[in-house]
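Number of protein chains: 2
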Amino acid sequence: MSSGSSDVVHAQRARFAEPLALSSGARLRDYELVYETYGTLNADRSNAVLVCHALNASHHVAGRAADAPDNLGWWDNMIGPGKPVDTDRFFVIGVNNPGSCFGSTGPMSINPDTGRAYGPDFPVVTVEDWVRAQARLADRLGIERFAAVMGGSLGGMQALAWTYLYPDRIGHCVAVATTPKLTAQNIAFNEVARRAIITDPEFHDGRFYDHGVVPARGLQVARMIGHITYLSDDAMAEKFGRVLRDHDGNGLRSAYGFTFDVEFEIESYLRHQGEKFSRYFDANTYLLITRALDYFDPARDHGGNLAAAFADARARFMIASFTTDWRFTPERSREIVQALLANRIGVTYCEIDAPHGHDAFLLDNPQYHAAMRSYFRRIDREVHA
Amino acid sequence: MSSGSSDVVHAQRARFAEPLALSSGARLRDYELVYETYGTLNADRSNAVLVCHALNASHHVAGRAADAPDNLGWWDNMIGPGKPVDTDRFFVIGVNNPGSCFGSTGPMSINPDTGRAYGPDFPVVTVEDWVRAQARLADRLGIERFAAVMGGSLGGMQALAWTYLYPDRIGHCVAVATTPKLTAQNIAFNEVARRAIITDPEFHDGRFYDHGVVPARGLQVARMIGHITYLSDDAMAEKFGRVLRDHDGNGLRSAYGFTFDVEFEIESYLRHQGEKFSRYFDANTYLLITRALDYFDPARDHGGNLAAAFADARARFMIASFTTDWRFTPERSREIVQALLANRIGVTYCEIDAPHGHDAFLLDNPQYHAAMRSYFRRIDREVHA
Chain A
1 MSSGSSDVVH AQRARFAEPL ALSSGARLRD YELVYETYGT LNADRSNAVL VCHALNASHH
61 VAGRAADAPD NLGWWDNMIG PGKPVDTDRF FVIGVNNPGS CFGSTGPMSI NPDTGRAYGP
121 DFPVVTVEDW VRAQARLADR LGIERFAAVM GGSLGGMQAL AWTYLYPDRI GHCVAVATTP
181 KLTAQNIAFN EVARRAIITD PEFHDGRFYD HGVVPARGLQ VARMIGHITY LSDDAMAEKF
241 GRVLRDHDGN GLRSAYGFTF DVEFEIESYL RHQGEKFSRY FDANTYLLIT RALDYFDPAR
301 DHGGNLAAAF ADARARFMIA SFTTDWRFTP ERSREIVQAL LANRIGVTYC EIDAPHGHDA
361 FLLDNPQYHA AMRSYFRRID REVHA
Chain B
1001 MSSGSSDVVH AQRARFAEPL ALSSGARLRD YELVYETYGT LNADRSNAVL VCHALNASHH
1061 VAGRAADAPD NLGWWDNMIG PGKPVDTDRF FVIGVNNPGS CFGSTGPMSI NPDTGRAYGP
1121 DFPVVTVEDW VRAQARLADR LGIERFAAVM GGSLGGMQAL AWTYLYPDRI GHCVAVATTP
1181 KLTAQNIAFN EVARRAIITD PEFHDGRFYD HGVVPARGLQ VARMIGHITY LSDDAMAEKF
1241 GRVLRDHDGN GLRSAYGFTF DVEFEIESYL RHQGEKFSRY FDANTYLLIT RALDYFDPAR
1301 DHGGNLAAAF ADARARFMIA SFTTDWRFTP ERSREIVQAL LANRIGVTYC EIDAPHGHDA
1361 FLLDNPQYHA AMRSYFRRID REVHA
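Chains A and B supply the protein sequences, listed in that same order.
At position 186 of the first sequence (counting the first as 1) the number is 186 in our numbering, and the numbers step up by one without a gap.
At position 55 of the second sequence (counting the first as 1) the number is 1055 in our numbering, and the numbers step up by one without a gap.
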């Protein structure tokens, strides 16, 4: 099994004329989903794997985008020929969720009821709404049952939701660096990011498209806050420490500049990340996706009993967490494992010693990738048995 | 020893005509400091205790403000008659630092060079600059040597700086919930807060006074970020959890509203804190004080060797930290203790098991207050020996 180079992939579109009933009671009519596929669906359609994306990601999971060959998929180190999720064996689908800004119907799309961009009128969507939209795409592709549904962070929540919404349509749930619900602190970080966006005068109550502007300042601050929570304290110390930014290119600066301009490397990094993000990410989407995170809480309809939420699940589970992830700590993954064990559901749990914090789920950690490779080999054996 | 009611206190002012040379090379000319005193200076002037304030605090440390009787000092549970720092025994001074917005010369003051408010022209100040200004106030009050200098968080940094700037003028350094330097993550949080302020269009490059506005949106976001770092994850979970905000006063709401308005109690709390803060705190001061935090790093002039920074210190130390403080963790306090021990300096270290996070240093924790009471009794015995 050799590690192949990354293939060129073409995004595809599927239009759904029948409205999607949402958790809020609203409906989304006449919507499109953008998706990519990798590998080949086998004859009995049993080798399909669905990959769910997190806050700042899209359907472009693996390979090189046909229209931008430098654009490698966000999980390209995990998914591809000879990789842990081996596309020589599996047919993998990456799908962009409704409400996103990467091609599926979202706030920037035209609202058929008004003929103008949805903007703030795009309905609030939940993790469960996304899963229902994904199930329709599966119907369209003729996939009755996924060998596995997988994702990290918010993507992991979608994989979990598949097991209680469509227990017969998912063989394995692979949920990495996720949580059964956000803590007050998690919600607090989301709320600060949203306030930064909403109070930006260029947000215009979400109708900034009409004004030819974007709330770039709010998006920058939102992204900077996000980045702090994605990295561990130690990883930030290791990567940046208290090193001063060299403005002149003459090597390390040793004296303070006594300024509110960039002084430390960490400031430069965060500003750069924030500015880059504000150029491509939609502010209304940011609000929608952080709210979907806040709302996710499968135990909520069961009096807070997480085990009860998974009572009907028939999938088997692979749960993975990272020791230095302080956004969704290993403790939160262990709560999921406990809830599954209470139902006598088969679960593999990996707590991976990695220094990188929440971001670790995207990185090429040998222990992590070995565990994933091993788990998907098991799935492969079942599929091809 | 009975716990007396809190006395009414009057703020006092001291003007300094001689310029203060700052770490940056700039000078601050013709400045005023506002301060309060509690208790009585004894005949040999040996019972004086200086209290240094943190980011969002002032000279009003204890008692009731004469002009606002509901305004209790920020450390009133610690300092007063019969309290751990007993003002029946000690003469306590609270002083507002230059650059602040609570009465001492700061960005809102008139710059004598221009006849208008300093605004962004107020010089960048450091912890050491503040300590030098405090030493001048001590001169003015005829205090050659403090029995103790104390503070929490940023205030603790000032207490530490006294020991290497004025080793003969401080008997005991009492530094609570502090750190020998900020981590990259600490700086990152400060930087996000500063960006929120600086990119607020109503900041006007720091000249918002001239425009009759304040960058309230930026200050709100800055304060919300700060609050998240002051509370522990557990304290936030305990206090707010995922409880939904009751908008109608009809008891707990149980259904999501599918809105970006306030939905969870934690959102309501943070917004309220942010709005309140933006009505009284000066944006330029916020920048100055967060930068003073970033810059504090006594080991920096000693090749990163913290022990060398304290080589000339003659004070004895009381260092206290709180188990759930993730802003300045106990580990950071232990670094200070190690550096002191390397110099064979006498140090008492208390690691207090408290659930409240960084804010614990302001709260009435019995174990914490007992430790402080005990330490100040020891100082009292020395003073009155």
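Note that these hints are calculated values from the structure, not bench results.
On a predicted model such as this, the values are computed, not experimentally measured, just so you know.
Be aware that one or more of the hints could be misleading.
Claimed, not checked - Just a few of them, taken from the derived set where beta-carbon distance is under 10 Å, the chain B residues facing chain A:
#1 P1123
#2 K1181
#3 R1207
#4 Q1220
#5 V1221
#6 D1233
#7 F1258
#8 V1262
#9 D1297
By construction, the Cβ of each residue, glycine as well, lies at the ideal position given by its N, Cα and C atoms.
Does the CB of D1233 (chain B) sit less than 10 Å away from some CB of chain A?
This hint holds: D1233 (chain B) lies near chain A, its Cβ roughly 5 Å from the closest one there, short of 10 Å.
Evaluation of the interface hint that places Q1220 (chain B) against chain A, nearest CB under 10 Å:
holds, 7 Å
Hint check: 10 Å Cβ-Cβ cutoff, F1258 (chain B) to chain A
holds, 4 Å
Once the shortest beta carbon distance from R1207 (chain B) to chain A is found, is it less than 10 Å?
Result: violated, 14 Å to nearest chain A Cβ.
The hint names V1262 (chain B) as touching chain A; please verify it with the least Cβ-Cβ distance against 10 Å.
At about 9 Å, which falls below the 10 Å cut-off, the nearest Cβ of chain A leaves the hint on V1262 (chain B) intact, so it holds.
With a cut-off of 10 Å, does the beta carbon of K1181 (chain B) approach a beta carbon of chain A closely enough for the hint to hold?
At 7 Å from the nearest chain A Cβ, K1181 (chain B) passes the 10 Å test, so the hint holds.
Hint check: 10 Å Cβ-Cβ cutoff, V1221 (chain B) to chain A:
V1221 (chain B) check passes; min Cβ-Cβ to chain A is 5 Å, inside 10 Å.
Should the hint that D1297 (chain B) touches chain A count as held when the rule is a Cβ pair under 10 Å?
Status holds, d = 7 Å.
Have a go at the P1123 (chain B) hint: is there a Cβ in chain A nearer than 10 Å to its own Cβ?
Nearest chain A Cβ about 8 Å off; hint holds.
Violation of the numbered hints given earlier is confined to hint 3; every other hint is satisfied by the structure.
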